Amino acid sequence: LAKTTQPISMDSYEGQEVNITCSHNNIATNDYITWYQQFPSQGPRFIIQGYKTKVTNEVASLFIPADRKSSTLSLPRVSLSDTAVYYCLVVYSGAGSYQLTFGKGTKLSVIP
Amino acid sequence: GAVVSQHPSWVICKSGTSVKIECRSLDFQATTMFWYRQFPKQSLMLMATSNEGSKATYEQGVEKDKFLINHASLTLSTLTVTSAHPEDSSFYICSARDPISLAGEGRNEQFFGPGTRLTVL
Numbered sequence: 009l010a011k012t013t014q015p016i017s018m019d020s021y022e023g024q025e026v027n028i029t030c031s032h033n034n035i036a037t038n039d040y041i042t043w044y045q046q047f048p049s050q051g052p053r054f055i056i057q058g059y060k061t062k063v064t065n066e067v068a069s070l071f072i073p074a075d076r077k078s079s080t081l082s083l084p085r086v087s088l089s090d091t092a093v094y095y096c097l098v099v100y101s102g103a104g105s106y107q108l109t110f111g112k113g114t115k116l117s118v119i120p
Numbered sequence: 014g015a016v017v018s019q020h021p022s023w024v025i026c027k028s029g030t031s032v033k034i035e036c037r038s039l040d041f042q043a044t045t046m047f048w049y050r051q052f053p054k055q056s057l058m059l060m061a062t063s064n065e066g067s068k069a070t071y072e073q074g075v076e077k078d079k080f081l082i083n084h085a086s087l088t089l090s091t092l093t094v095t096s097a098h099p100e101d102s103s104f105y106i107c108s109a110r111d112p113i114s115l116a117g118e119g120r121n122e123q124f125f126g127p128g129t130r131l132t133v134l
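As given, the protein sequences belong to chains A and B, one line each in that order.
According to this note's numbering, the stretch in the first sequence is residues 9 to 120, in order.
According to this note's numbering, the stretch in the second sequence is residues 14 to 134, in order.
Looking at chain A on its own, in the form it has when it is part of the complex (with noise of 0.2 Å):
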């Protein structure tokens, strides 16, 4: 299984971008970057996924190089309420096979 690394945590001040870089170099050919994000006493919620490239929904984009060893989550004019703990997570499904590993995450604290 892909490993994941990220910054414990991060700080910003509101309205201002966040980019999230996480690096995960054994990434295997079927594998996807996965996003969640979590509250306390909460389950995580998803926030984007992407293979390769660049993936941009309502909330967020995700920046994938061409070797996927890395991957940035960008956070676009962060508020109060985006203060929580974010998982980068490789998601390996093949082979009737589908497995997920939560790293240890980036606690954001966004400042007023």
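Note that these hints are calculated values from the structure, not bench results.
None of the values given here were measured: they were computed from a predicted structure.
Treat the hints with caution; some may be incorrect.
[Said to hold, decoys possible] Result set (DSS-like, lysine-lysine): computed pairs, CA atoms no more than 30 Å apart in a straight line: (1) B:K79 to B:K68; (2) B:K54 to A:K77; (3) B:K27 to A:K11; (4) A:K11 to B:K77; (5) A:K112 to B:K77; (6) A:K11 to B:K68; (7) B:K79 to A:K11; (8) B:K68 to A:K112; (9) A:K112 to B:K79; (10) A:K112 to B:K54; (11) A:K112 to B:K33; (12) A:K115 to B:K54.
With the hints as your guide, set chain B onto chain A.
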């Protein structure tokens, strides 16, 4: 998106009792569900993979006789913590995948339940 519910949201029990936690996929059928445990200020740790109609697959170090998993239908998986002890106090979270809705889109997102807080006295 797909919705996963858990019941109960929180439970307090005496040491030695058994506690059952339910995980339901409300608007889709989930052939596979996952059970996680999360201690304070730590990441989620996968405990087991629950497959409908077959035995669960447990991660290394997780006692299958203590954490009983039953996946009797495509929308329900249960986790029973048997003879609970204070060290079993944790936040238990389930998740499920909706393979039908994701077919053809190349996506593999999981949908998580809201979690169950277990406190064993």
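Straight-line alpha-carbon gap A:K112 to B:K79, limit 30 Å: 26 Å, holds
Between the alpha carbons of A:K112 and B:K77, is the straight-line distance 30 Å or under? 25 Å, holds
Measure nothing beyond the straight line between the CA atoms of B:K79 and B:K68; if it is 30 Å or shorter, mark the hint as holding. Satisfied, since the Cα-Cα distance of roughly 14 Å is no more than 30 Å.
Within a Cα-Cα threshold of 30 Å, do A:K112 and B:K33 meet the stated pairing? 28 Å, holds
When you check the alpha-carbon spacing of B:K27 and A:K11, does it fall within 30 Å? Not satisfied, since the Cα-Cα distance of roughly 37 Å exceeds 30 Å.
Given pair status - B:K54, A:K112, alpha carbons within 30 Å: 10 Å, holds
Under the criterion that the straight-line Cα-Cα distance not exceed 30 Å, is the pair B:K79, A:K11 satisfied? 28 Å, holds
Below or equal to 30 Å on CA atoms is what counts here, so check B:K54 against A:K77. With Cα atoms ~27 Å apart, B:K54 and A:K77 stay inside 30 Å; holds.
Going straight from one Cα to the other, do B:K68 and A:K112 come out at no more than 30 Å? The given pair, whose Cα atoms are some 29 Å apart, holds under the 30 Å limit.
Given hint B:K68 paired with A:K11 - CA-CA distance at most 30 Å: Measuring from Cα to Cα gives roughly 27 Å; hence the hint holds.
Need the status of pair A:K11, B:K77: alpha-carbon distance at most 30 Å? 25 Å, holds
What's the verdict on A:K115 and B:K54, does the C-alpha distance respect the 30 Å limit or exceed it? 10 Å, holds
Against the hints set out earlier in the document, a violation occurs for number 3 only.
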